[in-house]
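Line order of the protein sequences matches chains A and B.
Residue 113 in full-length UniProt numbering sits at position 113 of the first sequence, and the numbers go up by one each step.
Residue 58 in full-length UniProt numbering sits at position 58 of the second sequence, and the numbers go up by one each step.
Source of the hints: derived by calculation from the structure; they are not laboratory data.
These figures come from a predicted structure and were not determined experimentally.
The C-beta atom is built at its ideal place from N, Cα and C for all residues, glycine as well.
Be aware that one or more of the hints could be misleading.
Stated by the list, open to error - Derived coverage of chain A by chain B (criterion: at least 3 residues anywhere in the stretch with Cβ under 8 angstroms from a Cβ of chain B; other residues may be distant):
#1 66 to 75
#2 83 to 94
Stated by the list, open to error - In silico lysine-lysine, BS3-like type, Cα no more than 27 angstroms apart, as pairs:
#3 A:K30 x B:K28
#4 A:K251 x B:K320
#5 A:K217 x A:K251
#6 B:K28 x A:K5
#7 B:K222 x B:K306
There are 2 protein chains.
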Amino acid sequence: MATIKDVAKKAGVSVGSVSRFINNFEVKPKTRLAIEKAIKELDYEPNIYARGFKVNKTNTIALIIPTVWNPFFGELAFNIEKSLRDYGMKMILCNSGNDYEIELQYITMAKQNKVDGIISITYSDVDKYVHSNMPIISIDRYFSEDITYVTSDNFEGGRMAAEELMKSGCKSIAFIGRGSKIDNATRNRKKGFVNYCEENHIHYEICDSLGESQNFKKKLDKFLYDNLKNVKKIDGIFTVTDEHAFKVIGKLNKLNVDVPEDVQIIGYDGIKSHNNDTIKISTIRQPIESIANESVKALINIINNKEIEKEIILPVRFIKGFTTK
Amino acid sequence: MATIKDVAKKAGVSVGSVSRFINNFEVKPKTRLAIEKAIKELDYEPNIYARGFKVNKTNTIALIIPTVWNPFFGELAFNIEKSLRDYGMKMILCNSGNDYEIELQYITMAKQNKVDGIISITYSDVDKYVHSNMPIISIDRYFSEDITYVTSDNFEGGRMAAEELMKSGCKSIAFIGRGSKIDNATRNRKKGFVNYCEENHIHYEICDSLGESQNFKKKLDKFLYDNLKNVKKIDGIFTVTDEHAFKVIGKLNKLNVDVPEDVQIIGYDGIKSHNNDTIKISTIRQPIESIANESVKALINIINNKEIEKEIILPVRFIKGFTTK
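So that you can see chain A by itself, here it is in the shape it has in the complex (with noise of 0.2 angstroms):
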């Protein structure tokens, strides 16, 4: 395999030159023309870090989400790889748990240049480490003017839910949800729910909290035995996820309340397991595959310094489960 010396030698040049050339430092025209044709005519394959100094790319780029030990950002994170190994990068994968330090170790990490973008699921306050000039894509968050977000159409997913709910004959119906104290995007779940309720005249009830879950497991325990076992109050529900759902479906199991008989069950997501094959409930279903193709697109040309979209909403459809009629 050629060497950095016969690069020099084929190029007419010293090897000094050919590591200022990779270096990134100046060189006079001419020896640049020399070195690059030496480079290609002896097919000299510099290392990544090589490379890295000559175009400081390093064709890998960092994945943020909470854990990806879960059905929807285990799905999510195959697709990044899958879309970013069409563009020839590599994927580092985080598992922050919402940690906001180790969130910033790859910020910085970014910073410093050691991968070349980042792709981001977060909802602790990073706002201020993250600046224009970072190439970072957000998904479900809003951070500022300056940064990207790509996110599935929470607004109209909330309003197709509560309009499927009545469509398969709810009279009265309630959003369940718990969500982070940090603003972002799947709050608009909820706003759709209420929006179309109310422009629908239709009765509905909320049971939801921002941050800590403690509270609001008690507070959901008390709705679902106000609402539906000691009064039968609604006989629909949209829950802000599946994973929500998936928790109502056993509490309502616990105080023997059928699904979809006693009270029909709308959650978001549309998360598809492997081991869940025996087990599929009604759901807005996010578009998962082009939020991955979209926000690696995005982010390949934020690194190429194109201009795009600031907001990327992609549209959501409802699947039906065995938890409506």
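Starting from the known structure of chain A, arrange chain B on it as the hints suggest.
For chain B alone, kept in the frame of chain A given last:
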């Protein structure tokens, strides 16, 4: 921030010398000392490529798995990344889809020192590309004497499954599972199952095949009909994975065969998926966290040229779910 020029100035040597040093070319001991001293004093932080040259380490490893979009591999990837972080290392994720070509890309990366090592779950035949001098840990797959592999105690797990089925009242039991054509440690699950049955003079049936899934599907449908629907010949099943168990449960539902009343089922893996709260089968739980930690520990030791065991077998345990009495 200090540059290569500052280092050269302080060390009283040429930029070329510093570059040669960083690029791992021979430099006079005296020069080397001066440069090292200057780098230290200036707290010169070469980026990852430079560091790569200097210590020839990327502090990055590649994890090759069929797909992270699967509860078992998702949990494994989560724990491997977590464990690597404790060593200050990053993880590049590769979803190979068992694609030979994709796996080779990453093995080539390792050969070119673009990653420090590989942790791999592959059933494709990449033996000849994997040399003993490459830092690699194989999970579940035996390559050769030279390559360390980490696995759960599949043989004992198979024995355990048979024993648990008998303990919960089964009379005649079956092993069901499709495996890769390439020999791998998971085959010992069947061997352990058979070993226990023969040792204890228990009647058993086998429904398995290697490779291609289409034939197995037909075979399995016929097997379940013949042994459970048409005539009830068996009352207990051990499946090679939980995924197989879920598939079998699905098929039995269609045949109106009740689990666990008509037939009890034990899977293997013990996958714990977030959305799986409402369905928990009896299974032989793999120590996924230990597999992750031991694999990382072993890989780090190989990278640091330490002696390690060539075979790391970790204990499994039975977890009772709703599919056994």
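We went through each hint and held it up to the structure:
1. 66 to 75: holds (count 7)
2. 83 to 94: It holds: at least three residues are needed, and the region 83 to 94 of chain A offers 6 whose Cβ sits within less than 8 angstroms of chain B.
3. A:K30 x B:K28: 32 angstroms, violated
4. A:K251 x B:K320: With a Cα-Cα distance of about 21 angstroms, the restraint between K251 of chain A and K320 of chain B holds, given a limit of 27 angstroms.
5. A:K217 x A:K251: 11 angstroms, holds
6. B:K28 x A:K5: 18 angstroms, holds
7. B:K222 x B:K306: 52 angstroms, violated
Hint violations for this structure: numbers 3 and 7, all remaining hints satisfied.
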